[in-house]
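Engineer: Residue numbers (our numbering), protein chains in the order written: chain X, 1 to 143; chain C, 1 to 201.
Possibly wrong hints are sitting among the right ones.
Here are the simulated DMTMM-like cross-link-like pairs (lysine to aspartate or glutamate), alpha carbons at most 25 Å apart as the crow flies [as the list claims (entries may be wrong)]:
no., chain 1, residue 1, chain 2, residue 2
1, C, 166, C, 142
2, C, 166, X, 69
3, X, 82, C, 52
Pulled from the structure, derived: some chain X residues nowhere near chain C, Cβ distances all over 12 Å [what the hints assert, rightly or not]:
no., residue
4, 25
5, 45
6, 56
7, 86
8, 96
9, 121
10, 124
No wet-lab data here; the hints were simulated from the structure. Quick caveat: nothing in here was measured; it's all calculated off a predicted structure. Ideal placement from N, C-alpha and C gives every residue a C-beta, glycine not left out.
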Amino acid sequence: MLLLLPLCSWAQQNKLIVTPPEMITAKRGATVKQTLRVSVLPGLHVNSDKPKDEYLIPLKLTWTGGPLETKSVSYPKPEDIKVGGQELAVFTGSFGIETEFKVPENASAGTTNMTGKLRYQACNNEMCFRPASTEVKLPVSVE
Amino acid sequence: MRRLTLPAAIVLIAIGIFSFDSCTGSKSKAAGEASKAAEAARKPAPNFTLRDENGAAVSLADYKGKVVLLNFWATWCGPCQIEIPWFEQFEQQYKSQGFAVLGVSMDDDGWQAVKPFVVTHKVNYRILLGNDSIGQLYGGLDALPTSFIIDREGRLAYTHVGLAGKNEYLSEIQSLLASKAQSAASLGVAAAPALLVGAAE
């Protein structure tokens with residue numbers, strides 16, 4: 001029981017889990033794609049990248065640092081659900097967010113990290129939890 | 001010794017799984033969590049002072065003698081949006097009987113986010129801007145909506161964490177309105193220290 005308490009504390013802060021991505025290896029000038037695996041805790045949903053209501057906070061992956069240039073971020077097709085008469089576009093369970101990167105010609109060779117954050121807002125059918133962000137780290141090897 | 005170990009481990013794992021599920025806030029039932037305090041066991045609602053959209057300081061103590069539905073909400077909270085039209089109806093229907101709704105927005109973006117929402121949704125009750133201090137005062141407010149129904153003596157009578165039923169609210173409000181107001185001297189809310197937690201925006 002005591003061993004599970006840290007899990008409980010963790011769960012109160014994180015409503016989704018980002019699987020640590022494997023290292024990507026790319027040559028200068030190349031374009032590479034990487035899919036970030038995300039799992040929303042059972043019973044919860046997060047707003048999609050394009051919520052149907054302007055006040056709802058979208059899921060957003062932002063790469064903030066590292067050697068690669070972000071060309072595009074693609075989200076999966078959302079699930080349409082209805083909660084109390086309100087139509088929502090959400091993500092549940094496990095899904096992937098694909099990022100297309102370009103390796104600059106002048107990138108330094110070697111291993112480093114791309115860093116980013118995933119902002120999300122989780123709810124279940126009765127309540128919502130405060131918007132949160134989780135840090136994302138992607139190991140990169142430039143050849 | 002070995003005989004006891006296995007059942008004990010199963011019980012511990014089951015309790016652990018139950019606790020973990022509870023703390024994720026995930027539930028499959030249709031309504032949120034509700035609790036009712038027996039009249040004698042009701043505790044004073046913590047007093048606070050927050051600002052409304054005009055910058056006016058509003059204290060819970062200003063509402064002594066009234067039944068108050070204190071609703072913590074946010075513009076980004078879908079279930080909160082479902083309740084708002086009910087609260088507008090309650091405010092209109094019971095205002096003359098000594099009832100008021102106080103909506104405390106927990107939006108981090110402040111009035112910039114809240115004002116347009118209030119206009120769009122034609123909210124007819126008072127909206128205040130909350131912050132972490134009031135959140136702590138009312139138990140953390142990890143999930144929204146969270147609502148408290150406060151009796152005429154300024155005590156917490158009903159608590160709802162998550163979306164509650166309209167009829168449930170209605171019956172609770174009606175039952176508190178039916179009880180007679182006590183003398184101002186016995187108002188717990190007036191005795192509680194005021195905490196100015198309004199964001200100046």
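Engineer: Could you let me know if the closest chain C CB is still more than 12 Å away from the CB of residue 56 (chain X)?
Structural biologist: violated (6 Å)
Engineer: Should the label of residue 121 (chain X) as a non-interface residue stand, given a Cβ cut-off of 12 Å to chain C?
Structural biologist: violated (6 Å)
Engineer: Can you confirm whether the C-alpha distance between residue 166 (chain C) and residue 142 (chain C) stays at or below 25 Å?
Structural biologist: holds (22 Å)
Engineer: Could you let me know if the closest chain C CB is still more than 12 Å away from the CB of residue 25 (chain X)?
Structural biologist: The claim stands: residue 25 (chain X) keeps its Cβ more than 12 Å from every Cβ of chain C (closest is about 37 Å).
Engineer: Hey, is residue 86 (chain X) genuinely clear of chain C, shortest beta carbon separation above 12 Å?
Structural biologist: The assertion about residue 86 (chain X) is violated, with a minimum of 5 Å to chain C.
Engineer: Taking 25 Å as the top limit, are the C-alpha atoms of residue 82 (chain X) and residue 52 (chain C) close enough?
Structural biologist: Given that 25 Å is the threshold and the Cα spacing comes to 33 Å, the pair is violated.
Engineer: If we take the beta carbon of residue 45 (chain X), is the closest beta carbon in chain C still more than 12 Å away?
Structural biologist: violated (10 Å)
Engineer: Compute the least Cβ-Cβ separation between residue 124 (chain X) and chain C, then decide whether it is above 12 Å.
Structural biologist: Non-interface label on residue 124 (chain X) violated, nearest chain C Cβ at 6 Å vs cutoff 12 Å.
Engineer: Between the alpha carbons of residue 166 (chain C) and residue 69 (chain X), is the straight-line distance 25 Å or under?
Structural biologist: This hinted pair is violated, its Cα atoms lying about 51 Å apart.
Engineer: Minimum C-beta separation from residue 96 (chain X) to chain C exceeding 12 Å: can you confirm that?
Structural biologist: holds (22 Å)
In terms of the numbered hints stated before, the structure departs from hints 2, 3, 5, 6, 7, 9 and 10, listed from lowest to highest.
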